[in-house]
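J.: Residues per chain are reported as follows:
There are 2 protein chains.
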Amino acid sequence: MSEVKTGLQLRSLIKKSGELEISLVSVPTPEPGADEVVVRVEATPINPSDLGLLTGAADMTTAKASGTREQPVITAKVPEAAMKSMAARLDESMPVGNEGAGVVVRTGSSDAAKALMGKTVAMIGGAMYAQYRCLRVSECMPLPAGTTAAEGASCFVNPLTALGMTETMRREGHKALAHTAAASNLGQMLNKICLKDGIGLVNIVRSEEQADILHKIGAKHVVDSTSPTFMDDLTNALVETGATIAFDAIGGGKLAGQILTCMETAINKTAKAYSRYGSSVHKQVYIYGSLDPRPVELNRAFGMAWGVGGWLLFPFLMKIGATEGARLRQRVIDELKTTFASHYTQVVSLQETLQLDHIAVYAKRATGAKYLINPNKGG
Amino acid sequence: MSEVKTGLQLRSLIKKSGELEISLVSVPTPEPGADEVVVRVEATPINPSDLGLLTGAADMTTAKASGTREQPVITAKVPEAAMKSMAARLDESMPVGNEGAGVVVRTGSSDAAKALMGKTVAMIGGAMYAQYRCLRVSECMPLPAGTTAAEGASCFVNPLTALGMTETMRREGHKALAHTAAASNLGQMLNKICLKDGIGLVNIVRSEEQADILHKIGAKHVVDSTSPTFMDDLTNALVETGATIAFDAIGGGKLAGQILTCMETAINKTAKAYSRYGSSVHKQVYIYGSLDPRPVELNRAFGMAWGVGGWLLFPFLMKIGATEGARLRQRVIDELKTTFASHYTQVVSLQETLQLDHIAVYAKRATGAKYLINPNKGG
Chain A
3 MSEVKTGLQL RSLIKKSGEL EISLVSVPTP EPGADEVVVR VEATPINPSD LGLLTGAADM
63 TTAKASGTRE QPVITAKVPE AAMKSMAARL DESMPVGNEG AGVVVRTGSS DAAKALMGKT
123 VAMIGGAMYA QYRCLRVSEC MPLPAGTTAA EGASCFVNPL TALGMTETMR REGHKALAHT
183 AAASNLGQML NKICLKDGIG LVNIVRSEEQ ADILHKIGAK HVVDSTSPTF MDDLTNALVE
243 TGATIAFDAI GGGKLAGQIL TCMETAINKT AKAYSRYGSS VHKQVYIYGS LDPRPVELNR
303 AFGMAWGVGG WLLFPFLMKI GATEGARLRQ RVIDELKTTF ASHYTQVVSL QETLQLDHIA
363 VYAKRATGAK YLINPNKGG
Chain B
3 MSEVKTGLQL RSLIKKSGEL EISLVSVPTP EPGADEVVVR VEATPINPSD LGLLTGAADM
63 TTAKASGTRE QPVITAKVPE AAMKSMAARL DESMPVGNEG AGVVVRTGSS DAAKALMGKT
123 VAMIGGAMYA QYRCLRVSEC MPLPAGTTAA EGASCFVNPL TALGMTETMR REGHKALAHT
183 AAASNLGQML NKICLKDGIG LVNIVRSEEQ ADILHKIGAK HVVDSTSPTF MDDLTNALVE
243 TGATIAFDAI GGGKLAGQIL TCMETAINKT AKAYSRYGSS VHKQVYIYGS LDPRPVELNR
303 AFGMAWGVGG WLLFPFLMKI GATEGARLRQ RVIDELKTTF ASHYTQVVSL QETLQLDHIA
363 VYAKRATGAK YLINPNKGG
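Chains as they are written, first to last, in the working numbering: chain A, 3 to 381; chain B, 3 to 381.
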């Protein structure tokens, strides 16, 4: 087991000088405590939520490569105007990677830890872009026999986010929902959940190709925000489903406000009396991503019963508590190869993750390009 | 009582042609039912919330006067772009006036109704810009002896809105609040409530004159959004008070986002670890007015734990229920001449309400100009 003693770990550092540096550092693998295990990480996805930490506010079109083949280094410039938002992480070398999967290669002394020896487990907890990860037994989820690390690498973020959306919909009293950037991996999962659970879902996409992806997996309501009839199409789909809550990955621009406007129009199509405050039905948009970094623009043409806010998985899980969280996780495991299957377009090593040609693809956050890192690939 | 049989009532009509018409119509006074009373309206304020119905989306700089001295008519153009938001009220002649006070001049047969004969009562329920108003006993609140109709005319909207803000603050887990357009009648009430109840309040104003108004009534934290040091001043006041919720009467532009940004900066001044999602403390701005009709612009430089939404008094009262609502109303009556005293700059008749020179003043919604209508003035 000598090879376990140290391993490469990806680090992201933003310097006070305004430079982003992404590098691989050799770190000692901690000796596991009684209730801990060491996992050889074999699969860890690049989610949009990882990119925020990996590249921060840096302009990746300025990225330059240096370093060695084994330990490449990427540098890029952070625009002056964006440095304020990076203030809290300046000059701190930060590990990256929210989730992943791999094989337990070393365990602590507890029975629970020992029971995991040799098992393929899914993990959550950060610092997954590394060859080895030491973590508590409670942060691992053993995968069913016959499941590969690649199949279990995305067990948490996308599946629980998609389930978090339908759960939030129910808890806040809505009966159907809308989703933007809806052809994403996450969006496809959400479609499968909604089809299975009989929930009305309005998919909002930005191209015909994305609409096709969703139609092929059986999506019932797909509207294209680049179509000249978008507002009417969206209103009709909202009337048909009754959706009064939306989850928005785009963030910037007019889309959140357009959704609220169409919801209000849809509701008023069945309203009986005029209220100058608009309908009394609460309309909600939760912004959970930032594919468009521009400001959100709300023209408030949708009455007074509305809300827009940020939505994140971890605060949601805190709010619903451990028992409910475990129920959602169990569903993910049960349907890992169907509802919650992820598809990747590339599998790369840690070194390849720091290649300019790959960065140019995954940093774009384009729908359809999805990367999986295998930190022990070719290692 | 023959004079009670009919009375003038103000009406606002927006025609499909895009013309606003404000007029006075002579309407028969209903015979009160068993549990109803007829009130001679002697005082009814023009609140910002009334202007929304009174002038709608019309451009009041285009207003023209016609009609007779006794029954004047005002017409004005509604801009093409704003007609969509008026769709639900087109070609409906609508009475105006949320609240008011007056003397009970006729009653139904029930004991509760009879007990109000000759009493001065405060009223809520719309259509108050009228000489007579027939309404249920439950919609009247008898004023204490020695209280005039003018003193009791604004018992509901502003006082309950101000109390609704501190109640919402408490119910949603915040310990202090911020308020914009803070030198308004409502803002002054809110200051008096917060000083009395020991609640931290950050007042945001748009001029030195407005700051002076608040300093004179003992406001502790007043910041001026037109000052070059506004963002720093606001952040400091938020640190000192710990305010994480704001009520915003302005609506459009960048202010709501600036408040969230300063809250986030204030919270992070005491934060211990970096989170790329920003602080986990929920920051909320409720928009309850629209002094600035432009779109809301949110640059999202404030993490993910935030919300912006509409806030209205009546849904709030529905939510807290009858018992809590009665408790708030009783406080208003108890402190009507102190905490909840309203000040008016003009008292006008119904006819004067339709004079172009008065409209030019009250339609501006300027802080410091507050109109009270006495529908029976000179009548």
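Possibly wrong hints are sitting among the right ones.
[Claimed, not checked] Derived pair list, reagent style DSSO-like, types lysine-lysine, alpha-carbon separation capped at 27 Å:
(1) A/K18 x B/K18
(2) B/K86 x B/K121
(3) B/K116 x A/K86
(4) A/K271 x B/K177
(5) A/K271 x B/K18
(6) A/K177 x B/K321
(7) B/K86 x B/K177
[What the hints assert, rightly or not] To give an idea of the chain A side of the interface with chain B (calculated C-beta under 10 Å), a few residues:
(8) A36
(9) S87
(10) S292
(11) V298
FYI, nobody ran anything at the bench for these hints, they're computed from the structure. Just so you know, even glycine gets a beta-carbon here, dropped at the ideal spot from N, CA and C.
J.: Against each hint, give a clear statement of whether it holds in the structure.
T.: These are the hints, each one checked on the structure:
1. A/K18 x B/K18: 60 Å, violated
2. B/K86 x B/K121: With a Cα-Cα distance of about 44 Å, the restraint between B/K86 and B/K121 is violated, given a limit of 27 Å.
3. B/K116 x A/K86: 67 Å, violated
4. A/K271 x B/K177: 40 Å, violated
5. A/K271 x B/K18: 18 Å, holds
6. A/K177 x B/K321: Holds: A/K177 and B/K321 sit about 20 Å apart, inside 27 Å.
7. B/K86 x B/K177: 40 Å, violated
8. A36: 26 Å, violated
9. S87: 6 Å, holds
10. S292: With Cβ-Cβ at 7 Å, under 10 Å, it holds.
11. V298: 4 Å, holds
Going through the hint list in order, the structure does not satisfy hints 1, 2, 3, 4, 7 and 8.
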